[in-house]
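Taking the working numbering, the leading residue of the sequence shown gets 400, the next gets one more, and so forth.
No wet-lab data here; the hints were simulated from the structure. Quick caveat, the model's predicted, so the values are computed rather than measured. Think of the CB as a built atom: it goes at the ideal place given N, C-alpha and C, for glycine as much as any other residue. Wrong hints could be hidden among the right ones.
With a cut-off of at most 20 Å between alpha-carbon atoms, the simulated DMTMM-like pairs for lysine to aspartate or glutamate come out as follows [unchecked claim]:
(1) Lys497 with Asp543
(2) Lys572 with Glu525
(3) Lys572 with Asp592
(4) Lys637 with Asp620
(5) Lys587 with Glu541
(6) Lys537 with Asp608
(7) Lys575 with Glu494
(8) Lys518 with Asp608
(9) Lys610 with Glu523
(10) Lys565 with Asp608
(11) Lys575 with Asp543
Quick list of simulated restraints, FRET-style, between CB atoms [unchecked claim]:
(12) Lys637 with Val668: 52 to 62 Å
(13) Asp591 with Leu488: 52 to 62 Å
(14) Glu607 with Val668: 51 to 61 Å
(15) Thr554 with Pro632: 51 to 61 Å
(16) Pro603 with Gln489: 27 to 37 Å
(17) Gly628 with Glu560: 20 to 30 Å
(18) Glu657 with Glu607: 21 to 31 Å
(19) Glu650 with Phe540: 15 to 25 Å
(20) Lys575 with Ile664: 56 to 66 Å
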Amino acid sequence: MSVALNLTTFSLDQSNVTRKRTALIRRVCSSNAVSKARTDCLQASCVVTTEGIKTPANRFASAVVSLGIAATIMSGSALNASAAELEILQTPPPESGKGYIVDDGGLLSRAASGTINSKLAALEKETGFHLNVITIRKLVFEQDPFAFGDKVLETWYPTLEVGNDKGNLLLVKNSKEGAIVGGPAFLKGVGDDILDSILSKNIPYNLEDEKFGEALTSSVDRIVAALEGKEDPGPPTKFIKDKSKTYKTKEETNEKREVFSNVVIGLLVISFVVPMVQYFGYVAGDPDFDDN
């Protein structure tokens, strides 16, 4: 009897397991059906959207979106340039004797940076004047290099006492412009003539050929010489390219061709006429020629 009950209980358990498996399979199938329905719905919506783009309204919307993306990219580049300006303004002022260059534009080589740093360190040690060299790729937030240089100077040295003998030499890569700003004592020590000559010759002459390192190095040399009371090395000599033509014009070529043709024709005539004249002269001078 107990065996029969055990068999009956086992069969009931098996049937319960079968029912649970069947219910689980149904749930999976139903979930697959729902997923498939959702996929079909998404595909249908994509088709409808794609077909809808063909309408004028959707074309206009697509154009607006494209313009928005382009504006975002352009504004992103402008924000990057503004970020460079803000980064320079937030940079701590170079400490005396440790560094004098903020090369945000990446325009100076390691050798040029070392040369400039050593010269400016010696300048400050001997005279007390401090010059910073700043480079940047592009100005967007403040497009005037002199205004931006003044803003950096005021940020780093907020009082007249601190910034009286300080100066900034700024170089902008994209616009190929430069600026020299500083406190009253610094500007007086350099002198207006040297400042004007650097801004009108050293910087533009070298930047024409994108010699950024040479522009900064030669400008620093003149500023240092003026502040130390030494002889001014002078501005660079502008190299003027020879714009004279090195080729012949069409008229000159045709003219020389005609002269050459006339010479050739004259030589051919001479080569035929002279032997014939000699022959006739020989015949006319020989009395026995006709007898033979």
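Structure-based check of all given hints:
1. Lys497 with Asp543: violated, 29 Å
2. Lys572 with Glu525: The given pair, whose Cα atoms are some 31 Å apart, is violated under the 20 Å limit.
3. Lys572 with Asp592: It is violated: about 24 Å lies between the C-alpha atoms, which goes past 20 Å.
4. Lys637 with Asp620: holds, 18 Å
5. Lys587 with Glu541: It is violated: about 26 Å lies between the C-alpha atoms, which goes past 20 Å.
6. Lys537 with Asp608: Given that 20 Å is the threshold and the Cα spacing comes to 18 Å, the pair holds.
7. Lys575 with Glu494: It is violated: about 28 Å lies between the C-alpha atoms, which goes past 20 Å.
8. Lys518 with Asp608: Judged against 20 Å, a Cα distance of about 25 Å means the pair is violated.
9. Lys610 with Glu523: violated, 26 Å
10. Lys565 with Asp608: Outside the cut-off at roughly 30 Å; violated.
11. Lys575 with Asp543: holds, 12 Å
12. Lys637 with Val668: 52 to 62 Å: The hint (52 to 62 Å, Cβ to Cβ) holds, given that Lys637 and Val668 are roughly 57 Å apart.
13. Asp591 with Leu488: 52 to 62 Å: violated, 28 Å
14. Glu607 with Val668: 51 to 61 Å: holds, 58 Å
15. Thr554 with Pro632: 51 to 61 Å: About 32 Å separates the Cβ atoms of Thr554 and Pro632, which means 51 to 61 Å is violated.
16. Pro603 with Gln489: 27 to 37 Å: holds, 30 Å
17. Gly628 with Glu560: 20 to 30 Å: holds, 24 Å
18. Glu657 with Glu607: 21 to 31 Å: violated, 44 Å
19. Glu650 with Phe540: 15 to 25 Å: For Phe540 against Glu650, whose Cβ atoms are near 57 Å apart, the range 15 to 25 Å is violated.
20. Lys575 with Ile664: 56 to 66 Å: holds, 59 Å
The structure does not agree with the numbered hints 1, 2, 3, 5, 7, 8, 9, 10, 13, 15, 18 and 19 stated previously, though it agrees with the rest.
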